[in-house]
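When the letters of the sequence shown are read in order and numbered with my numbering, they come out as residues 3 to 171.
Hint data in this document are derived by calculation from the structure and do not stem from the laboratory.
All values reported here derive from a predicted model rather than from experimental measurement.
Be aware that one or more of the hints could be misleading.
DEER-style ranges, computed between Cβ atoms [what the hints assert, rightly or not]:
no., residue 1, residue 2, range
1, R69, G126, 33 to 43 Å
2, N89, K66, 34 to 44 Å
3, D142, S27, 48 to 58 Å
4, K160, D42, 40 to 50 Å
5, E114, I48, 25 to 35 Å
6, L33, N64, 27 to 37 Å
7, Q79, N39, 43 to 53 Å
8, K160, N89, 17 to 27 Å
9, K34, E99, 39 to 49 Å
10, K66, K159, 30 to 40 Å
11, L166, Q14, 42 to 52 Å
12, L33, R150, 38 to 48 Å
13, E134, L33, 15 to 25 Å
14, C111, Q79, 14 to 24 Å
No more than 30 Å apart at the CA atoms, straight line, and that leaves these computed lysine-lysine pairs for DSSO-like [unchecked claim]:
no., residue 1, residue 2
15, K51, K34
16, K83, K52
17, K160, K46
18, K83, K113
19, K168, K59
20, K46, K123
21, K49, K85
22, K66, K168
23, K52, K159
24, K66, K34
25, K83, K49
26, K34, K113
27, K141, K85
28, K113, K147
29, K83, K160
30, K160, K51
31, K49, K141
32, K106, K66
33, K34, K168
34, K159, K46
35, K36, K59
36, K66, K141
37, K59, K106
38, K10, K46
39, K160, K113
40, K49, K34
Think of the CB as a built atom: it goes at the ideal place given N, C-alpha and C, for glycine as much as any other residue.
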Amino acid sequence: MDIVSINKIYNQYQLEFKHSGNEESIINLLLKQKEWNLLDDDQKLIKRKKYLLDFEKYFIYNEKRERVFLYENLVFQTYLKIKDLLNIIEADISSFEGFFFRIKSMLFCEKELVNQYESFKRIGHVPFEIFEPLIEKVKDTQEYKQYRLDELFEEYKKMYQLFLEKPYE
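Work out the full structure, taking the sequences as your base and the hints as a guide.
Here it is, written out as structure tokens:
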């Protein structure tokens, strides 16, 4: 692989380099991203859980790091709820039509965004503002209560608010 191809992949994935200009670090970064991409959702979940346990145990030493942990933990917890909901919905797909189908689609997008990169710092999110009009349309329905979407969206809203506060800066 030549440097032009490496730079093309770098630009495509918007990857971060620890040692700018060093071809070896670029290749290592690409290999790390490739390794992450080859993991299935459950393997990524296990890696993230271990990371968060280590982070909580060893790396919270000031307010900024605590805020980062709070955000990353909320991303993880919200992801778990979304994953569980999507698994339930797959079994009962007929009840998810119209606005519920849109919500399901947005939650699926969120799940994929969270799994795209290993680093929480690189994760983007579906804006909560997209969910708000959909929530208004379905909040009085039996399905909304049955699937406890109020709890999911309360947590999602907190997580998204922390994301907007840019916890890494």
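Hints and how they fare:
no., hint, verdict
1, R69 to G126: 33 to 43 Å, "violated, 19 Å"
2, N89 to K66: 34 to 44 Å, "holds, 35 Å"
3, D142 to S27: 48 to 58 Å, "holds, 54 Å"
4, K160 to D42: 40 to 50 Å, "violated, 28 Å"
5, E114 to I48: 25 to 35 Å, "violated, 18 Å"
6, L33 to N64: 27 to 37 Å, "holds, 32 Å"
7, Q79 to N39: 43 to 53 Å, "violated, 24 Å"
8, K160 to N89: 17 to 27 Å, "holds, 23 Å"
9, K34 to E99: 39 to 49 Å, "holds, 41 Å"
10, K66 to K159: 30 to 40 Å, "violated, 22 Å"
11, L166 to Q14: 42 to 52 Å, "violated, 26 Å"
12, L33 to R150: 38 to 48 Å, "holds, 41 Å"
13, E134 to L33: 15 to 25 Å, "violated, 41 Å"
14, C111 to Q79: 14 to 24 Å, "holds, 18 Å"
15, K51 to K34, "holds, 18 Å"
16, K83 to K52, "holds, 18 Å"
17, K160 to K46, "holds, 23 Å"
18, K83 to K113, "holds, 10 Å"
19, K168 to K59, "holds, 23 Å"
20, K46 to K123, "holds, 15 Å"
21, K49 to K85, "holds, 16 Å"
22, K66 to K168, "holds, 11 Å"
23, K52 to K159, "holds, 25 Å"
24, K66 to K34, "holds, 27 Å"
25, K83 to K49, "holds, 17 Å"
26, K34 to K113, "holds, 20 Å"
27, K141 to K85, "holds, 20 Å"
28, K113 to K147, "holds, 21 Å"
29, K83 to K160, "holds, 14 Å"
30, K160 to K51, "holds, 20 Å"
31, K49 to K141, "violated, 35 Å"
32, K106 to K66, "violated, 33 Å"
33, K34 to K168, "holds, 25 Å"
34, K159 to K46, "holds, 23 Å"
35, K36 to K59, "holds, 28 Å"
36, K66 to K141, "violated, 35 Å"
37, K59 to K106, "violated, 35 Å"
38, K10 to K46, "holds, 26 Å"
39, K160 to K113, "holds, 16 Å"
40, K49 to K34, "holds, 13 Å"
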